[in-house]
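Engineer: So you can see what is in the structure, the chains are spelled out below.
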Amino acid sequence: MATEELAKNVASAVANRGLHEAVARSVDRHSYAALAALTPDLRAVYKSRARAARLRSVRDLAALAEQFIAEAERRGIIVHTAADAAEAVGIVAEIAKGHGARRIVKSKSMATEEVELNRHLAAAGMQVLETDLGEYIVQLAGQKPSHIVAPCLHMTRDEIAGLFSREAGRQIAKDTPSLTAFARQRLREEFRQADLGISGGNFLVASEGAVVLVTNEGNGRMCTTLPKVHVALVGVEKLVRDFADMADALRILPVAATGQLITSYVSIVRGPAQSGQEGPQEVHVVLMDSGRSEILGGPYEEVLACIRCGACLDICPVYRQTGGHAYGSVYSGPIGAVLTPLLRADAEAQALPFLSSLCGACSDVCPVGIHLHEHLVALRARAVARGIAFPAERTAFRALRRAWTPPRRYRLVRRLMRGALRVGGGVPQLRAWTSGRRLPAVASGGVADLLRSEGLIQERR
Amino acid sequence: MRIRLFTTCLGDLFAQEAVLSTARLLRRLGHEIELPEQTCCGQPAYNSGFQEEARPFAAAYLEKFRGSEAVVAPSGSCVAMLRQGLAQFFADDPEARRLAEHTFEVSQFLLDVEGLRAPKGHYEARAIYHESCHLSHWLHQGDRAKELLSGIEGLQLLSFREPQLCCGFGGTFAIHFPELSVAMADEKLQDLDTPAPDILVASDQGCLMQLGGRLAAKGERRPEPMHLSVLLDRAGVGR
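Residue numbers (my numbering), protein chains in the order written: chain A, 1 to 461; chain B, 1 to 239.
Read the hints as simulated data drawn from the structure, not as lab findings. Just to be clear, a hint being listed does not mean it is correct.
The calculated label-pair distances, taken between Cβ atoms and stated as ranges, are [claimed, not checked]: (1) B/HIS140 / A/GLY298: 20 to 30 Å; (2) B/ARG2 / A/SER207: 39 to 49 Å; (3) B/ARG2 / A/GLY298: 34 to 44 Å; (4) A/ASP346 / B/PHE160: 33 to 43 Å; (5) A/ARG386 / B/GLY236: 48 to 58 Å.
Remember, it's a predicted structure, so these values are computed and weren't measured experimentally. Cβ coordinates follow ideal geometry from the N, Cα and C atoms, glycine included.
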């Protein structure tokens, strides 16, 4: 059962208290910085404008895709459309093969993680190197990113120094300058050697046919300018109408992600190098649908407005305990628990919305106002309708409904509850509660009698 | 005002003092209280994905509380559920929409309808207020309930460093992921000052059961979990 599998993964993540400490430290740093970056009033202004602009784009996606393709092609970009993950991977692999690419440098991209691009390219004999520092670290560790924005946030400095030392064949000190100096020197060489650069995209500007990248390390710009071929794999929901419609989302993205008022690099890719200029000779954009258009027009449509800032992960009281890997999905935290079951059909994905205490902090912090906790609740109902629930619950809730409605039955059954709870110690659900918490005793009589005997109730005439 | 009291099932089964105190407060403030026949709000089923099993609970509430001038419940979580259930299951019934807007958690009623600001009272204790998530994020009240405590003499109100952190209850979540739920309670409780406050105040029995149950399992005597209504009642608010 998918729910039991999920519960098992969660339990083992929770048992790792070192993981919790590392994750909590990092997400708190993000959250505090984000909170301090803007006044609440200003935040509200950006939020409502960014939300409106994102929704405008999402609701016009088909037309924007058409416009983007026309504009991009006019500027010499070769645009491909991929209906699903397999097609997207196939297109990128074909481009790489066509150029005889052996060494590929890649900047951070959740879309490429989603389709497991690296695994497929490696299987085709190509060597793909992640050049975002965090991605480089998780790649060295043979892991997957555990956070949308900060891929290695679950790791400690000691672990990272260990990985780098192994890679370098010598001791690398664990202070930040030593660690980044090693990565920088190692990656520089790769940028010069690479035959192909792969990126994702934070925005696709339809009116300009442009791919916009938001990065902090400059590696994105290296990937998109040094190799002679650049391929951008981007989810179709990243389309925006024009630069004006992108402005507020671009403004709020680094604030929500890390508390930066502006990101270090905003790169706008508008086609291959003109003759005499430096830059890639060929630029490809792979517009990937992979489940997005099925979300359009339905109750979860606003989820496509997500700008992948990770703020909901940072504020989530569950994520800080488990980290991202326990979700078993590229997208973790609240947005992952909502997006994954919409993009993936498997039972494991459908179980993810249960991994939330429904506190609702995510909905409040989301910079584009996605009602995440409401979607979590709705997707639980959808999972149950598809036969995915926790054991024995269907029977239990049917029984509860029969016992407690209509209200007069509740009063009758109530008298039996005390005894039932007392002898119910062997029921797994009750044991799950009492394993770490005491259960208060059930009051012997109903509270209605007490209210009346104290003369607090005015009887209806 | 003629107020109808929704006791909540947790209030009836586990926390009758909170219900009694809520009623006493409202009476002292000059209201009449009615107690219609009632049952649970249906949230356990609803939030576990069994919406069809939750619907009869919402229907029962609508039937028995139809026409209420105001309904008050000692739980933000149940009020959020009642509002959601009425809106979703009876979208075409104008009375359901009206009733949803007239169903209040107790601090919400005292602040927004009664218009109380820093009422006078007296209670000697070091207290910490826990922002219940459903009151704070679902009903958008934030930590406004603290306003009701600021005029109480003798009460030293402490703050969590991370006030927005959930206690880890989450209804059936506490049973689906027991280790996680307990770890969340522990993180919340770790955020308490030393020496521990005398009382932990919240306006949701779910949170109080979770944190109180965890404290009891660890053999901790302090803080004592206390519903907001109980504190206001004992402080003599409205007297």
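Engineer: Please go over all the hints and tell whether each is borne out by the structure.
Structural biologist: Here is how each hint holds up against the structure:
1. B/HIS140 / A/GLY298: 20 to 30 Å: With a Cβ separation near 26 Å, B/HIS140 and A/GLY298 satisfy 20 to 30 Å, so the hint holds.
2. B/ARG2 / A/SER207: 39 to 49 Å: This hint is violated: roughly 60 Å between Cβ atoms.
3. B/ARG2 / A/GLY298: 34 to 44 Å: At 43 Å between Cβs, range holds.
4. A/ASP346 / B/PHE160: 33 to 43 Å: 39 Å, holds
5. A/ARG386 / B/GLY236: 48 to 58 Å: 54 Å, holds
Checked against the numbered hints given earlier, this structure breaks only hint 2.
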